[in-house]
Amino acid sequence: MRDPEDAPESTAPLTGDVIRCDACPVLCRIRIGQTGACDRYANQEGKLVRLDPLLVLERGCGGKAVPFLEPGKPWDGKLVAPFVTGIGATTTYPDYKPAPFIVSSKVEGVDMVTVVTEGIFSYCGLKVKIDTDRFLGPEQAAVRLAGEQIGHVTTAEYGSQMLSLGGVRHLTGGSKKEGNVTCDALLKLANKETVEVQIDGGSSVRLQAGAAPVVNGEQEERMRVGCGSATIGIFAQQWHGHCDEVIVVDDHITGVLTEHQAGRFLDMRPAGIRVRGRKSTPGRYFKVAEPGMGWGGTDITEPLSIIEKIDPKTAWPGMRLLMVSTTGEDAEWFVLDKDLKPQKAEMPAPVRNVVERIAENCEPALCTVLFMGGAGGSLRAGVTENPVRLTRSVRDSITRVTCGGAPVYVWPGGGITVMVDVLAMPDKSFGYVPTPALVLPIEFTLPLEQYAAIGGHMGHVVSLQQVLETTSWRSA
Amino acid sequence: MAQRLSDGRLHLQHGPIDLVILGSEAQYERASLRFGTVLEELVAELPLLRTPVGAAYPLARGKVARRMIAAVWPHRAVFVTPMAAVAGAVADEILEAMQPKGKAYVNNGGDIAVHLPAGESFDAGIVNDLLRPRVDATIRLQESCGVATSGWRGRSHSLGVADAVTVVAQDAAAADAAATLVANAVTAEHPAIRRLPARALKEDSDLGDLPVTVEVGPLPPHIVRAALDAGVKVADAMRARGLIRAAYLALQNRTTAVIPEVHFPALGRST
Chain F
1 MRDPEDAPES TAPLTGDVIR CDACPVLCRI RIGQTGACDR YANQEGKLVR LDPLLVLERG
61 CGGKAVPFLE PGKPWDGKLV APFVTGIGAT TTYPDYKPAP FIVSSKVEGV DMVTVVTEGI
121 FSYCGLKVKI DTDRFLGPEQ AAVRLAGEQI GHVTTAEYGS QMLSLGGVRH LTGGSKKEGN
181 VTCDALLKLA NKETVEVQID GGSSVRLQAG AAPVVNGEQE ERMRVGCGSA TIGIFAQQWH
241 GHCDEVIVVD DHITGVLTEH QAGRFLDMRP AGIRVRGRKS TPGRYFKVAE PGMGWGGTDI
301 TEPLSIIEKI DPKTAWPGMR LLMVSTTGED AEWFVLDKDL KPQKAEMPAP VRNVVERIAE
361 NCEPALCTVL FMGGAGGSLR AGVTENPVRL TRSVRDSITR VTCGGAPVYV WPGGGITVMV
421 DVLAMPDKSF GYVPTPALVL PIEFTLPLEQ YAAIGGHMGH VVSLQQVLET TSWRSA
Chain R
1 MAQRLSDGRL HLQHGPIDLV ILGSEAQYER ASLRFGTVLE ELVAELPLLR TPVGAAYPLA
61 RGKVARRMIA AVWPHRAVFV TPMAAVAGAV ADEILEAMQP KGKAYVNNGG DIAVHLPAGE
121 SFDAGIVNDL LRPRVDATIR LQESCGVATS GWRGRSHSLG VADAVTVVAQ DAAAADAAAT
181 LVANAVTAEH PAIRRLPARA LKEDSDLGDL PVTVEVGPLP PHIVRAALDA GVKVADAMRA
241 RGLIRAAYLA LQNRTTAVIP EVHFPALGRS T
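Protein chains in written order, with my numbering: chain F, 1 to 476; chain R, 1 to 271.
Source of the hints: derived by calculation from the structure; they are not laboratory data. For clarity, every value in this text was computed on a predicted model and none was experimentally measured. Don't take every hint at face value.
[Unchecked claim] Some chain F residues close to chain R (C-beta under 8 Å, calculated; not the full set):
id: 1; residue: V18
id: 2; residue: A37
id: 3; residue: P426
id: 4; residue: K428
Ideal placement from N, C-alpha and C gives every residue a C-beta, glycine not left out.
My request is simple: use the sequences and hints to build the entire structure.
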């Protein structure tokens, strides 16, 4: 056992960069950049500073807090770095917010800093997912508003058409009008408002985050349950015994029950109906028609038009044929006459039930909007004197990034490129500056110690109380 | 400093000590009275309390200091100073001074002394990662005891890499000491782990120049498992010796417990 007299604090002399904190009887010796035992007091460049449960307001260039630039307000074109309306910090201590954080403070007591800024994003855009299989326009087609190109149709995804809007080329790379129209469209969509866009060689689409898309004036109701082949697979058992053949019409893959593995498995008799398009695997056909506003995202309105031929050696009179789309919205029932011609007939109840079940299994079609932007640039200077350390801290999951409190996805690779669901953000989160660029809240949350370590503006950290007392604020 | 929180609980703070207390009005008075001198008593014996416990039982004057020493004494085979139990010992001391009859607790920044009459229970939530606070597990306590949590992100430096080690023991000082030592044992060697001498972070640290964890990057699963296993081994040994009742260990989305009274309602959620 060491002699107590040898304990460090009794022997080590106070040197230039160590100060004695006299805030409490512990009388911690604190070296420059360190905090005392309480983590409330720190040695900043030889001075004792109180850190505490915090939220900070850093001033913009003019010495005033700058929230959003008002529309029409002059903008000097400079992307001033510490364009920060608020730096916030909170603590896991129960001092200021007992109930919600008591759980965290029970576990460990780390003072947390949240740097709240409103970032100006000149590199930003929206990814819009439109739950529809209807044809909106060819891939790469221009998406326009007021004649200006604000983005393009990008690759289709599961049950959805995708638009990519904005981006630096449309915002600042084209004409002034193009930039302004793009910025206006992004702002509205990000703030959950409605924008109707036109797609070259395609449709007019009304977009609103969280609402059903409206294509050429028609509201999209639901997503398809799956492609035609998937629909066959899901419902084959339920059709068995009620139908001799089922053709599920789909722009991507049209399914034919008796040829399909699912029909074979049920020992169904081949029906001899050959559909148009290119056969993929048995019972699965690509490109039975052109994309369009008809059945299952194709251009057809008359389902029999996709039947190429009916083989008289295999088909038989009285054969019962269901044709249905992948959303169950369109369906027709046919019975083959003595000349093997399909004749429309009234759909039997058991078959009708399955058609309705397809519809029931389709999820409501929504238009959803993800904001994507780069916070890896000069914005970081509002947080730290050494920007790359913030980037690394985010990369290492030490610093958590949120936008208006909403969780973000930080894209791997260089920079701090984030994606956030605008629906998860508070209303009216977005503003703009005439650069044109979008302005939105972004918060970096990290332990106080780490904030000091990445070169944070420790001198600007003030208490939450102080901010609430001296600043006008509103609760979300 | 004493103040009442909006929900009526008492908040006492002096220097590095932060207490949130639940009890009756009379008990709050007794707690405040006792709290008045606690920090001075501790400071008077700080050199002793910051010295590693060795072959001889340290003799302290203060009652809190004696609680600290009693709590760490069984663990003297490894490096430990009485400071490993300071938070829990203060909580125990205040709780005792309150002379509680009904449900009461003293929460000292996460180290909690709990008084529970028969039939009452107390649910404690565990947050593994303060950067993503959520209740990752809950512990239901049904008799008077102490609960403490330690981890490298905590205010006290850890030699280990655990996100959270929560221990239930007969009192908060015992839980505090055990949680610290189990958390120290959850350790590994990996390039993603960064350590610094304790004194580079806190000049006065009782850990001296021992390397403490300052950063833990993503670890491969086998490292996580091995580190947790090392901690479980230590916790199991403590339980076998009657030093703790239960322990919960969390490291990078992997958790483990040494007894079955711990529930894991929210595991598996990704962030």
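Now for the hints, and whether the structure bears them out:
Given hint, V18/F at the interface with chain R, holds; its Cβ is 6 Å from that chain's nearest Cβ, closer than 8 Å. About 4 Å separates the beta-carbon of A37/F from the nearest beta-carbon of chain R, less than 8 Å, and the hint is met. Using the Cβ-Cβ criterion of 8 Å, the hint placing P426/F at the interface with chain R is not satisfied: the shortest such distance is roughly 20 Å. Below 8 Å, beta-carbon pairs count as interface contacts, and K428/F has none with chain R, the closest being about 27 Å; its hint is therefore violated.
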